[in-house]
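Colleague: Heads up: the sequence shown is residues 1454 to 2025, going by the working numbering.
Be aware that one or more of the hints could be misleading.
[To be verified] Below 30 Å or equal to it, Euclidean Cα-Cα: the simulated DSBU-like pairs (lysine-lysine) are: (1) 1736 / 1716; (2) 2000 / 1832; (3) 1832 / 1699; (4) 1758 / 1699; (5) 1736 / 1564.
[Said to hold, decoys possible] Simulated DEER-style distance windows between Cβ atoms: (6) 1919 / 1720: 24 to 34 Å; (7) 1674 / 1919: 44 to 54 Å; (8) 1612 / 1887: 49 to 59 Å; (9) 1886 / 1650: 33 to 43 Å; (10) 1779 / 1649: 47 to 57 Å; (11) 1698 / 1749: 50 to 60 Å; (12) 1774 / 1849: 40 to 50 Å; (13) 1669 / 1826: 25 to 35 Å.
Calculated directly from the structure, the hints in this document are not laboratory data.
Note that the structure is a prediction, hence the values are computed from the model and not measured.
The beta-carbon is built from N, C-alpha and C at its ideal position, and this holds for glycine as well.
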Amino acid sequence: MVNASDASAAGSGSGAISTSGSSTDPSLNAHVKHVRGAGAVSRADSRDSIHRRGTVRSGGGVRGVRQGVIWTIFAIVVVVAMIFVITFAKQQAPKVKPAGKPADTVTIGLKLAPTNLDIRNQSGSSLDQALIGNVYEGLVARSVDNKVVPAIAKSWVRTPDGKSYIFHLNDGMSFSNGDKLDASDVVWSIDELMRNGYQGADTLLNFKSITAVDERTVRLDLTAPYADLLWVLAGRPGLVLDKDGKVDMKTQALGSGPYTVAKYVPNSSLTLKANDRYWAATKPATQTIVLRYFSDDNAAVNALKSGAIQVLAPIDQRLVSPFKKDTDHYVVASGDDTDKYVLAMNCAGEKTSDRRVRQAIRYAINHRELIASRGGADKPLGGPIPSLDPGYEDLNDVYPYNPDKARELMRQAGYTPAHPLELRLTYANIYGTELGDQLRSQLKAVGIDLKVNVVEFSTWLQDVLKNHDYDLSLVDHNESHDFASWANPKYYYNYDNRDVQLLYGQAMVSLNDKDRDDYLRRAARRVSEDAPADWLFNYRITTAMEKGVVGFPLNLNQTLLPLSLVKYTPLV
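Let's have the full structure, built from the sequences with the hints guiding it.
Modeller: What follows is the structure in structure tokens.
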């Protein structure tokens, strides 16, 4: 690109072209480079011709006059040529224009599509992702760092015994159909949840009753303290629905959030429109949000390249490189999540009940190598609690990568690389084959012959989750606050530790977060030391978006995706 000031200088006959300006067109750059060289020569030649003309005037030779004329003509030709090239460059170079106006529609590419919209009866995190915080609201909500924040309830207090919570509701609330939202809707929604056993009812532990004190006050009573109550109410159990609303919940949704469902195409897309009756002071930044679902990673990437979508979350880390390089048009960033890729070891299995074998497996795994093969965004995780959950502690030093220790433990258990232990690794085909292949290679070096059995997810549910028929199993446990599974000896891990169960029980009846977190940390360390599993990594979400998109959440966006702040201003 040639600057306007540079063109002016050239037009005045100086022959100066700024070296700071350049075109984005390589052929034009080459042309300008040639002109810069010509300009340098012409200036030198002009000085030489002046010297010669001076000699001519003093000496009066015809040859000198002819040479002076020739050099003068040459200089004029060069200047005219430069003016022509600069004018051509200005016409051909891309124009720098200011950013346009914010778009009325933002289209977001996601991976898992909801099979229907019935948030009471249909399981799956894709429903939470699309609807909670956008269409439906709860008594309380979760922030992007997984903390409880106000929502329909603007504040709350807990009684000293931890058995009762008083929620104070916002004023002037309504559902998107205009129906008033008050304490009676809150009470009806939670009573219906518990009476009918809707999704999430089993997590509302110690529930006794809920009553309306007045139109703006609700009291929830428990049979015993429950430290996770507020966090649970920030999910499905705390959602407030219109007790008078009449909709087909499989294809429609009626809530009090910033958006309404305008169109739903199963397994394809969900269109959200700004709720004109939204009660909160902050209104949606974008009128229409379209969620498009891609089961094929390459199709999703092509949609981002073509501009069919403005955001892709997640983007396969192995396909993200072109977007990282093109910083003029795209932004790529990774956020934290609570997904834990768990390599479970059957604690009741014939071979894996030996703690030495389980410890050897943990020492033998090179987690950084696994993470690097996936693109490098994930984080090592040495225990059962991820960084966004209460009680997190970095436990990567409990079993650091040490194949020598692994071989020694396997020798003690009676196995060597020459006489290996044969184990089965069973996992669902949704995770591909690469992780299984890497684990087979890493464990072979310490005396374990790993037979990788990749199956349909339904088969994994039957054989592993239900029947506990496995040696090793791999699955992504994406739930937050899910430490309870390690305190449940009937879960598919078959892990039974009384101390862990007691510590978890104490955590859940704690009356302050500090005590709760301390009990959870102690329990998590004990679990990690017992090695009932290896935590391969804490999955981190990589999101790619067009430059000009703001307000899109990076953390937790596969389960929690508040969209009211998302705005896209196209670059033109």
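Colleague: Are the hints correct? Go through all of them and say.
Modeller: Verification of the hints:
Pair hint residue 1736 plus residue 1716 holds up; C-alpha atoms about 21 Å apart against a cutoff of 30 Å. The hinted pair formed by residue 2000 and residue 1832 meets the criterion: a straight-line CA distance of about 26 Å does not exceed 30 Å. The suggested pairing of residue 1832 with residue 1699 is violated, with an alpha-carbon distance near 45 Å, which exceeds 30 Å. Pair hint residue 1758 plus residue 1699 does not hold up; C-alpha atoms about 41 Å apart against a cutoff of 30 Å.
Of the pairs offered as hints, the one joining residue 1736 and residue 1564 holds, with about 27 Å between alpha carbons and a cut-off of 30 Å not exceeded. Remark: the range hint 24 to 34 Å for residue 1919 to residue 1720 is upheld by a beta-carbon distance near 27 Å. Take residue 1674 and residue 1919: their Cβ atoms lie about 35 Å apart, and the range 44 to 54 Å is violated. Between residue 1612 and residue 1887 the Cβ separation comes to about 52 Å, which falls inside the hinted range of 49 to 59 Å.
Checked against the given bound of 33 to 43 Å, the beta carbons of residue 1886 and residue 1650, roughly 38 Å apart, stay inside it. Between residue 1779 and residue 1649 the C-beta distance comes to about 51 Å, which sits within the given range of 47 to 57 Å. Checked against the given bound of 50 to 60 Å, the beta carbons of residue 1698 and residue 1749, roughly 37 Å apart, lie outside it. Range check, residue 1774 to residue 1849: Cβ separation about 27 Å, and the 40 to 50 Å hint is violated.
Taking 25 to 35 Å as the suggested C-beta distance range, the pair residue 1669 and residue 1826 does not conform, at roughly 54 Å.
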